[in-house]
Structures are given as structure tokens and as C-alpha cells.
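From first to last, the protein sequence lines are chains A and B.
First residue of the first sequence? That's 1 in our numbering, and the numbers climb one at a time after it.
First residue of the second sequence? That's 311 in our numbering, and the numbers climb one at a time after it.
To be clear, the hints were calculated from the coordinates, so they are not data collected in a lab.
Among these hints, one or two may not hold up.
Unchecked claim - Just the calculated beta-carbon pair ranges, DEER-fashion:
#	chain 1	residue 1	chain 2	residue 2	range
1	B	D323	A	F201	22 to 32 Å
2	B	K316	A	I110	36 to 46 Å
3	A	M169	B	Q440	26 to 36 Å
4	B	N423	A	A12	53 to 63 Å
5	B	A532	A	A177	51 to 61 Å
6	A	F292	B	Q440	54 to 64 Å
7	A	F126	B	H415	41 to 51 Å
8	B	S397	A	A107	45 to 55 Å
9	A	L288	B	R387	51 to 61 Å
10	B	R462	A	T103	34 to 44 Å
11	B	R387	A	V106	53 to 63 Å
12	A	Y24	B	S397	52 to 62 Å
13	B	M311	A	A107	41 to 51 Å
14	A	F201	B	R387	42 to 52 Å
Think of the CB as a built atom: it goes at the ideal place given N, C-alpha and C, for glycine as much as any other residue.
What follows is the residue order along each chain.
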Amino acid sequence: MRALTLHLGLLAVLLALHFVLPAYHHGNLARVMVLASFAMGYNILFGYTGLLSLGHALFFAAGMYGMGLSVQHLGLSAGPALMLGLLSGAVISGALALLALRTSGVAFMIVTLMFAQAGYLTILHFSEWTRGDEGFVLAQAGRMLWGFDLSDPNARYVAALILFGICLMLSLWLVRAPFGRVLVAIRENEERVRMLGYDTFAHKLAALTISGTMAAAAGAAYGILFGYVGASFAAVQYSILPLLYVLLGGAGTVLGPFIGTLFMFYLIDLSSGITTAYMLIAGVALVLLTVFAPQGIMGELRRRLWKGLP
Amino acid sequence: MLLSVKGLSKRFDGLHAVENVDLDLPEGEIRALIGPNGAGKTTLVGMIAGRIAASAGRVTFNGEDITRLPAHRRIARGMAYTFQITSVFARLSVSENVGLAARRHLHGAAARNAVVEALDRVGLGARADQEAGDLAYGHQRLLELAMGIVQRPRLLILDEPTQGLSEGEIEAFQDLIRDLAQETTILLIEHNMRVVMALADRITVLDGGRVLAEGTPEEIHANAAVQAAYLGGGDAAAG
Chain A
1 MRALTLHLGL
11 LAVLLALHFV
21 LPAYHHGNLA
31 RVMVLASFAM
41 GYNILFGYTG
51 LLSLGHALFF
61 AAGMYGMGLS
71 VQHLGLSAGP
81 ALMLGLLSGA
91 VISGALALLA
101 LRTSGVAFMI
111 VTLMFAQAGY
121 LTILHFSEWT
131 RGDEGFVLAQ
141 AGRMLWGFDL
151 SDPNARYVAA
161 LILFGICLML
171 SLWLVRAPFG
181 RVLVAIRENE
191 ERVRMLGYDT
201 FAHKLAALTI
211 SGTMAAAAGA
221 AYGILFGYVG
231 ASFAAVQYSI
241 LPLLYVLLGG
251 AGTVLGPFIG
261 TLFMFYLIDL
271 SSGITTAYML
281 IAGVALVLLT
291 VFAPQGIMGE
301 LRRRLWKGLP
Chain B
311 MLLSVKGLSK
321 RFDGLHAVEN
331 VDLDLPEGEI
341 RALIGPNGAG
351 KTTLVGMIAG
361 RIAASAGRVT
371 FNGEDITRLP
381 AHRRIARGMA
391 YTFQITSVFA
401 RLSVSENVGL
411 AARRHLHGAA
421 ARNAVVEALD
431 RVGLGARADQ
441 EAGDLAYGHQ
451 RLLELAMGIV
461 QRPRLLILDE
471 PTQGLSEGEI
481 EAFQDLIRDL
491 AQETTILLIE
501 HNMRVVMALA
511 DRITVLDGGR
521 VLAEGTPEEI
531 HANAAVQAAY
541 LGGGDAAAG
């Protein structure tokens, strides 16, 4: 109950901020909420199931291109295009899971990394449709959803908040449901879970598919809200970013991905205002955090203050 | 026969860990599996529960050939397996450990009640909210047992359950097993001969991966080959 209040409280605060934030931070926060949704998807696999993927850019891009290409070339409107983005994320993550889950540990990291790179190269290869590195800007007409113009900052913020809210409450529900608790048990000791009679492969398959689909939802939303679809979102840094967000915020906590994304976003934003060597400042801050809060911000909070925090 | 094993063998790189073992376990029996270290006891029950793939042989459970089934499907058919090396979820609470075992076949309030009942039965009721990793070793063994009990298995496989328990805990453990035997069949790997003699209906002795002898505790106690291979004469082998 306390946990539910906390998470709903965050959504209420974010809604209130919609009315008071200055334009610059208002835009930033919309971006952070979408990226945090990506990180929440990542967290289900990494934080709760204990599988470290280095290929989530593939799912983010699957959502983004599934949406973007169907707007651009099939002339679909935003609603069906978003659905198609989600669907391509689900299909690609499910298929990848069937192959990659035959491995574990470092091999799993390598296999996911390879598939994501293959996806990136595929986007470059079919540049006739994807416009390769350059990417393409979505036409205004394709960004109308149920009469709302998603290129408008207000509609964009609310849309980002809705996506974020769905991902947040879904994560909260999932990790407290019996299914999610089996995932946690797999993270802790997979062999024991198997010997309790659970099909651990099926659970990991479902976890990776849910994780990939959530990442794809974020990718599709990112494309439609900010109006641009490009290959850089399929590159390796977009596999590393959610890992960083989750590690900083606290792996295996529902709020961790949001806190981590917010922290990282503003860390780079603020330090780039001070010096052009902003990555140096960001790097030092990251090192300090890993040394003094190895479980991430929310993980540390859980350890010290609130043991039952989901 | 609840469990029937025919010609079960396991070879690791030319080493015969288990060789051509036959074993029949009728419903309701407490069967002890004894033998010196390296006799293949854990490997044998590992093959029965599906943890380890057999090189040859057949396992029949409740009339169904389960040789090709993966572990989780064997467990789902009514086996429960407790680990020799304590393998609880150290960072989860005691009740969540048992809850995971319970929720495979129960839901909601029924699962929660079963958890409370199983923990009370092994005497860990007061420690339900503790982290499992903080429990004393003996208590972790009891937690393993609770995780087995709560599954309401038809066959409960216990791999050295009394290892690390105090004398008093062993007494309580024996009472518990006698009580459990009313409702389930038990296959028990055990080194403590006093426990074996007190609990087992029948004993199977493994040596070098083969069945050396099988019989009632009295027969085994009187068996010259067993004396020579394992017991080392008289009662000296207790513990």
C-alpha cells in the first residue's frame, strides 16, 4: 500500500510539474520520461531477472522504425503506427530470446550485442527506406493522435507521462505478482527455481519479450514525440545507456530507472554548461556514485531506509 | 510402485559414477540411500529428479516413463528435491523462499496459509520475515525441508538433511519425518546411521556406483559385505 502510494505520488508530482515547469525543463522532463520507460523495460530483464543484455538498442530501434517506417511508407496514422512499433518490438525480442537464451552470462551479453549490431547494420543497409545514418523527420500529419498534435510541447509532455505511467505501474504490478517473484528467484538462484518445478526458460523468454516490448514502446514514442527517426538510436550507445540509467538509479527497484535517467540527463546537461569536457565531469560523478552507492540511488535507499521497497 | 529405476547409469569422462542401478520404491515407504563418499548417491537422486541427465537407463514415476522429461516437469508431477549443499534464496525472506515453492501449485491465500503451516511444522514460524541468508546453517537446512514439504510431494527426496543439525534438532527432525511419512514417500540420503536405523523402512547401499545391498535396517546391519565396505564393523560408523 505504501509502495503504491509512493509510485502514484510520483505520477501526481510529474503531472503537477506539467503546469509549473519552465519550457526548457518541461521539454527535458518529457524526454527523460520516455528514456526512463526504455530503462524500465531494461530493468525487468537486468534488474529483476539478472540477465545483462547489451542489445536493447535493437528493441528501442525496432519500436522506432516499426512506427516510423509505417508512417513514412505505409502512410499509417499515429495510432496504428505505434501499435506496429510495439508489435515489431515484441516479435524481434521474442525471436532473439529464443536464440540468445540458449546462452548465459558473458555469452548472453555477446550474443545480444551481436544481434543489436546486426540490426544497426541492417538499418544502414536498407538506406533507401530508412535513409541510413541521416534518418528522416516525421511529417506533421503523421504525428496526430486522436486529434492531439504530438509535436505540441503540452501534448508531448502528457503523452510521455501516460507512457511513463503505464510502464511504471506495469513494472510495479509485475514485480510483485507471482510471475515477477519467480524472475527475482531466477536472478538469485536459477538452478533452485528449476528444482522447485518452474520452467525457467519460459520465464526468461517472457521476461525478455516484456522487456523488449517495453523498450520498443519507448522507441516508438520517442520517434513520434520528437519527430525524428535515425540509425543512431540503434547504435551501441543506446544499449549502454539503459544499463547506466538502471545501475545509477538502482537495479531491481521500480523507481530506479527513472531516478537514474533523470540524474544522468541533468548531470550531462549541467556539466556541459560548465565545460566542453562535460563527459569528464559526468565520468567522475559516475565513478563516485558507483564507489559510494554500488546498488544505485534507490538501491541504497532501500538498503538504509525502506527494506520492502519494490 | 511409486518410483521405479531400471539400469540407470551415469558416466563422466569414462568414470562410472553410477552403474546399472535398479531401485523400486513403493508408495508410503521411507527409503534410505547410504554409501561411502563418492558412492554415487547424489548423482543417482539427481538423475531421478532430472537435475542430471542419465547416460543410460529408465525412470518410471507413478506408472509413467519420465526418463526424457526435464526437471521442472518431473517436479510438477509430484517430486520435491532438497539440496545437499544448502541452496536457499539467501537474499529473500524465509517466507518468500517457501512461498516460491508453494505458489507453483497454490495461489493467493491458500499459498500464504500453506507457507505458515510448513514453517510452523519445521519450527521456523517465528523467523518468517528474516532474510534466509541470515539463518544459522541448521535453520537453513530446515528451511530447505519446509520448501520441500509445502509442495505436498508424492515423493520427497532429501539429500543429507541432518548435516549440520544439532542433536536436539535431529530428534525433532526424526519426529517430523515420521509424521511426513504418513502422507508422502521419502527417499533419504543420510550419513548419520542412527537416523537411518531409526527412520528407514528399507535401506539401499551404494558402493562405487553400484547397488551393494538392499534390505531392512536389520538385514543391512547384519550384512557382511556392507560391514566390510562401509560400516567398518559394529556401530562405529555412526555420523
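Cross-check of the supplied hints:
Between D323 of chain B and F201 of chain A the beta carbons are some 27 Å apart, a value that agrees with the proposed interval 22 to 32 Å. As the Cβ distance of K316 of chain B to I110 of chain A is approximately 42 Å, the hint placing it in 36 to 46 Å holds. A beta carbon spacing of about 30 Å between M169 of chain A and Q440 of chain B agrees with the range 26 to 36 Å that was offered as a hint. Evaluation of the 53 to 63 Å hint for N423 of chain B and A12 of chain A yields a failure: the beta carbon distance comes to about 36 Å.
Hint check: A532 of chain B to A177 of chain A, Cβ distance near 56 Å, so the stated range 51 to 61 Å holds. The hinted range of 54 to 64 Å is not satisfied by F292 of chain A and Q440 of chain B, whose Cβ atoms lie roughly 28 Å apart. Checked against the hint of 41 to 51 Å, the C-beta distance between F126 of chain A and H415 of chain B comes to roughly 49 Å, which is consistent with it. Distance hint check for S397 of chain B and A107 of chain A: the Cβ-Cβ separation is about 24 Å, which falls outside the suggested range of 45 to 55 Å.
Take L288 of chain A and R387 of chain B: their Cβ atoms lie about 53 Å apart, and the range 51 to 61 Å holds. For the pair R462 of chain B and T103 of chain A, the supplied restraint of 34 to 44 Å holds, since their beta-carbon distance comes to about 35 Å. The supplied range of 53 to 63 Å is broken by R387 of chain B and V106 of chain A, whose beta-carbon atoms lie about 35 Å from each other. Restraint check, Y24 of chain A to S397 of chain B: a C-beta distance of roughly 53 Å satisfies the suggested window 52 to 62 Å.
The supplied range of 41 to 51 Å is met by M311 of chain B and A107 of chain A, whose beta-carbon atoms lie about 42 Å from each other. Separation of F201 of chain A from R387 of chain B is about 18 Å and departs from the stated range, judged on CB atoms against 42 to 52 Å.
Checked against the numbered hints above, the structure breaks hints 4, 6, 8, 11 and 14 and satisfies the rest.
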